[in-house]
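Sequences and hints are given; from them, build the entire structure.
Residue numbers are given in this note's numbering: position 60 of the sequence shown equals residue 47, and the series is strictly consecutive.
Fair warning: there could be bad hints in the mix.
Under the rule of at most 25 Å between Cα atoms (straight-line distance), these lysine to any residue pairs were calculated in the SDA-like manner [stated by the list, open to error]:
#: 1; residue 1: Lys30; residue 2: Thr46
#: 2; residue 1: Lys30; residue 2: Thr8
#: 3; residue 1: Lys30; residue 2: Leu63
#: 4; residue 1: Lys30; residue 2: Leu68
Label-pair distances were calculated between CB atoms; the ranges are [stated by the list, open to error]:
#: 5; residue 1: His(-7); residue 2: Gln28; range: 41 to 49 Å
#: 6; residue 1: Arg(-6); residue 2: Thr46; range: 53 to 61 Å
#: 7; residue 1: Ala73; residue 2: Tyr22; range: 34 to 42 Å
#: 8; residue 1: Gly(-1); residue 2: Gly48; range: 40 to 48 Å
#: 9; residue 1: Met59; residue 2: Gly(-1); range: 28 to 36 Å
#: 10; residue 1: Asn38; residue 2: Arg(-6); range: 39 to 47 Å
#: 11; residue 1: Asn38; residue 2: Ile86; range: 45 to 53 Å
#: 12; residue 1: Gly48; residue 2: Phe15; range: 21 to 29 Å
#: 13; residue 1: Gln28; residue 2: Arg62; range: 16 to 24 Å
Source of the hints: derived by calculation from the structure; they are not laboratory data.
Keep in mind that this is a model prediction, so the values were computed, not measured.
Every residue, glycine too, gets a C-beta built ideally from N, C-alpha and C.
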Amino acid sequence: MHHYHHRAFYVGVLSVALIATGLLALNFPVFIDSYDQFGFQIKCGTGYFANLTQATEATGGDYVGHCETALMLRRLWTIPLVAIGASLLAVVVFVAATIWGRESVFGEDATA
-12 MHHYHHRAFY VGVLSVALIA TGLLALNFPV FIDSYDQFGF QIKCGTGYFA
38 NLTQATEATG GDYVGHCETA LMLRRLWTIP LVAIGASLLA VVVFVAATIW
88 GRESVFGEDA TA
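Structure follows, in structure tokens:
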């Protein structure tokens, strides 16, 4: 196995880790640092879906605007993380399928 196969494996593992981290972070709930009239911290939904019910029913401030900002900030760093990981993984799979597929079982290039 050549040294570039090892590097490709590590880049593939890194890309899968980036994708998993981004998707998992999108799944976690988004809260703001404010509380409603009942004493519960205001939940805005997740990175996938906004749930502004609690923010609209809370009195005393513009909680909907704060929730929209918090959701946007979550999406601003997680979506590019997933996109970069998916792009890296696509490049590794493409290179593995096209270039390294020409190698024989003994590690010699079939075109040479």
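Against the structure, the hints:
For the hint pairing Lys30 with Thr46, the CA-to-CA distance comes to about 14 Å; that is within 25 Å, so the pair holds. Taking the CA atoms of Lys30 and Thr8, the gap is about 21 Å. The hint holds against a cut of 25 Å. Taking the CA atoms of Lys30 and Leu63, the gap is near 18 Å; set against the 25 Å cutoff, the hint holds. This hinted pair checks out: Lys30 and Leu68 have alpha carbons roughly 23 Å apart, not beyond 25 Å.
As the Cβ distance of His(-7) to Gln28 is approximately 46 Å, the hint placing it in 41 to 49 Å holds. A C-beta distance of roughly 57 Å is found between Arg(-6) and Thr46, which places it inside the suggested range of 53 to 61 Å. Taking the beta carbon of each, Ala73 and Tyr22 are about 38 Å apart, inside 34 to 42 Å as hinted. Between Gly(-1) and Gly48 the beta carbons are some 46 Å apart, a value that agrees with the proposed interval 40 to 48 Å.
Met59 and Gly(-1) have their C-beta atoms about 31 Å apart, which keeps the hinted 28 to 36 Å range intact. Between Asn38 and Arg(-6) the beta carbon distance is about 43 Å. The supplied range of 39 to 47 Å therefore holds. A hinted range of 45 to 53 Å for the beta carbons of Asn38 and Ile86 is consistent with their spacing of about 47 Å. Against the hinted window of 21 to 29 Å, the Cβ-Cβ separation of Gly48 and Phe15 comes to about 24 Å, which satisfies the hint.
Against the hinted window of 16 to 24 Å, the Cβ-Cβ separation of Gln28 and Arg62 comes to about 20 Å, which satisfies the hint.
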